[in-house]
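Numbering-wise, our numbering puts 87 at position 87 of the sequence shown, and it's gapless, one number per residue.
Treat the hints as calculated values from the structure; they're not laboratory data. You may find that some hints are simply not true.
Unchecked claim - Derived pair list, reagent style SDA-like, types lysine to any residue, alpha-carbon separation capped at 25 Å:
1) 116 - 178
2) 175 - 235
3) 11 - 89
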Amino acid sequence: MDRIIAVANQKGGVGKTTTAINLAACLAAKGKKILAIDMDPQGNMTSGLGVEKDQVEATVYDLIIGSAEIEEVLCKDVLENLDVLPANINLSAAEIEIMGVENKEYILRGEVDKIKENYDFVIIDCPPSLNMLTINAMTTADSVLVPIQCEYYALEGLSQLIHTIELVQDRLNDKLRMEGVVFTMYDARTNLSLQVVENVKDNLEQTIYKTIIPRNIRLAEAPSYGMPINLYDPKSTGAESYMLLADEVIHKGEEE
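Could you build all of it, start to finish, from the sequences and the hints given here?
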């Protein structure tokens, strides 16, 4: 049942990578076979899942420029049921290197097609910008999951992202759809968080996940230990929320 989900928002600091890491890890903890692909040159998904991003022999960069096969880049069994295609700062040069390459929008898709049958879910962490790496993620994906921070400017940039998704649908990947919106960094103590959620619900004709990810100090700490939240602090509200989100993502696929 391989489903490929790109986690994207060109606005930084919205919990995008946190969501990609923890959704992947929680799906794996529920017995699903997961491939996590880091398409962000910052490599935060890679290190957040416990892979030393500067120690690996080959990364997504080598895959994109054609100097390594996907099997050579794959870090297997990083966690139980979870493999990683790692990234580091080298990936930032990939866009320039593939400038003249034919069908450069489909490089990742061609590679992932070779192994996607081995997985229930492929989770791709996109860079926080709308560039060729993001386009590669979106031509590979079946759907795009958008984390939105519960703050005043939440809707800013979202229409641009939806426009990009529609362009990719029209021109490059007609199967791509919007997976849905996940609210992150929710602070129950502020009226603003609540207003943002209501505002987005009123203005957005998109699926909105019921699970809302709270602001949680344990969630913020976990990446520095190279662990997803369900391993770092399984009893925290952050871990419980991402487990619930994983359930929702699984059930959504079963309904379709």
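Please write out, lowest number first, the hints stated earlier that are contradicted by the structure. 2
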